[in-house]
Amino acid sequence: MGSNEFKGVMVFSEDFEIILELLSIGRELADKLQTALSAALIGYNVSEEYGQELIKHGADKVYIVDNSLLEQFNVEPYADVLLKLVNDYKPEIILIGATKRGKELAPRLATKLNAGCMTECSKLDIDDEGRLVANRLVYGGSSVAVGIFRTKPQIVTVPPHLFEKLEPSDRTGEIVKINVEVKEPRTRVVERKKKEVVGVRLEEAPIIIAGGRGLKSKEDFKLLEELAKVLGGQVGCTRPIAADYGWFTNWIGISGVKIKPKLYIAVGISGAIQHTAGIMDSKIIVAINKDEEAPIFKAADYGIVGDLYKVVPALTEAFKKLLK
Amino acid sequence: MVRILPTIIVPFKQIVDIKEIKVDPSTQTPITVGIPRKISDVDKNALEEAIKIKEKHGGKVIAITMGPSEAKTALREALAMGADEAYLLSDPIFENSDTLATARVLAKAIEKLGGFDLIICGEMTLDGLSAQVGPRLAELLDIPQITYVRKVTIDGNKVIAEKDLEEEYETVEAQMPVLLTVTREINEPRIPSLRDIMKASRKGITTWTASDLGISKEEVGAEGSAVQILKVTVPKVERKGVIVKAETIEEAAEELVKMILKEGVLRG
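Going down the list, the protein sequences come from chains A and B.
Take the first sequence: its letters are residues -11 to 312, numbered as in our numbering.
Take the second sequence: its letters are residues 153 to 420, numbered as in our numbering.
Keep in mind that the hints were calculated from the coordinates and are not lab data.
Do not rely on the hints blindly, as some may be mistaken.
Think about it this way: if two alpha-carbon atoms lie no more than 20 Å apart in a straight line, the pair counts; the simulated EDC-like pairs of lysine to aspartate or glutamate are [unchecked claim]: (1) K397(B) <-> E2(A); (2) K312(A) <-> E415(B); (3) K44(A) <-> E2(A); (4) K410(B) <-> D76(A); (5) K72(A) <-> D294(B).
Residues from chain B that face chain A, not an exhaustive set, calculated with beta carbons under 8 Å [to be verified]: (6) T179; (7) A255; (8) K303; (9) V324; (10) M328; (11) I357; (12) W360; (13) S363; (14) I395; (15) V409; (16) L418.
Glycine included, each C-beta is placed from N, C-alpha and C at the ideal position.
Please put together the full structure from these sequences, using the hints given.
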């Protein structure tokens, strides 16, 4: 199979908002390659209006696959549907939103296609030879790997909220409805339990104050909230606080949310690489920790070594006094 | 109820200890040679979960890893934790395999082992952070997968697993055989006792090469990989690293606030 027969860029996410974001980077890549951009819209009772919305945001073509077995995301049927689309339309690049669902889908699809895959790519470009060049973090997030593909299609996953969706325009495109035979999935969802929503989306927050294991109870996060209130900021946390204790929905770090605020204040956070890799795009990083050897101080611009239960209230007062 | 004694396979990876990686200042590239190696953190949770399931339901745990002969230390550790059998997949032609080629090798080895009921992997390894080998292996073996599992129960021939997604927990059921990828919150991996370590040292480790697995050079290594890494660099962290000190905490706090205000990162 000659790889030249692959042409075009295709985007997919099970989350509609993320498809819009992918269309933005997808448009850029497609324009560089002077090729078409398509989006796959998979679900049940999918209205054509959604397809029009995708066209307005940059898609030339929208493939709608509608089937009652596709109402909820399930990795195997979704991978089968995408396999069919890729086999029929042969895109050279496939961009998939790097939600946890997207991240389990992409390698499964790639394996069906005998294709390569790079996950959570933070930068994508086309080189002089028309190859996709992707940057992604490795070694706990401490290093950046730059990779290319030796075969096509080239599959990458892109972190949510990394790219901003394009302004809608009155451009035109084509909507194609496709029938795909869908097998009954081999896994069955028996329960869905929404996490108690604590905290807001941090990806775009300009000021973030986050707590780690130095905080002894959920109530102690009030100290951080008071500081956040004075600064007009948001409160976040590290992985153990969210995943072990369940005090927050999601966490900041390489396996959770990557942030890029103007000001990040890390409270009682030791600063493992997996955490600091998620905060490195912050403009100013402040650390408060009682252990002066804590690695977080190496990743910070300013720090105070001391008991957070004393330092944080003092900081809140100082901001109140000086922020006039 | 059907009662089965599950055969559980844990494919894991021995990686460089990320914390120990040094940077070559002339090229700004990570130095990974001569750095201590260990079982990738979450892979240890995968081993622990397999051993816990065996302790409850019977059956056996087979630990497999692809890597150089040094990876035998990691297999010894897996045996000491409670794995029953250990396999090293080792061949110079496996070097520089991407996730596709790695999954191929693991799939061949698992097919050679014969039947199994469960495969448990970590959600991702800390070096590559790709989270691909689990799902790729499930696809190659044509079995269902349940990823990001933070709780699992075995009921007869059925697996019930709770997935930790961004905004929800999803409980999923599947008939075995099934592949799970687990998160580090699923358990606390045991630390083997000296006695366990002694006992494990008497257990054998089987090594399989490419020819044992019927794998040709075109399928693995750089040649059999679809992704080629051009370079790896360590971004320079340029942080000021100022520790604010003062007589009292209040004074230090005020000093810090003044510095932050000077940065102009607040308001507008």
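How the hints compare with the structure:
no.: 1; hint: K397(B) <-> E2(A); in the structure: 50 Å, violated
no.: 2; hint: K312(A) <-> E415(B); in the structure: 16 Å, holds
no.: 3; hint: K44(A) <-> E2(A); in the structure: 19 Å, holds
no.: 4; hint: K410(B) <-> D76(A); in the structure: 61 Å, violated
no.: 5; hint: K72(A) <-> D294(B); in the structure: 17 Å, holds
no.: 6; hint: T179; in the structure: 12 Å, violated
no.: 7; hint: A255; in the structure: 7 Å, holds
no.: 8; hint: K303; in the structure: 12 Å, violated
no.: 9; hint: V324; in the structure: 5 Å, holds
no.: 10; hint: M328; in the structure: 11 Å, violated
no.: 11; hint: I357; in the structure: 27 Å, violated
no.: 12; hint: W360; in the structure: 22 Å, violated
no.: 13; hint: S363; in the structure: 23 Å, violated
no.: 14; hint: I395; in the structure: 5 Å, holds
no.: 15; hint: V409; in the structure: 4 Å, holds
no.: 16; hint: L418; in the structure: 7 Å, holds
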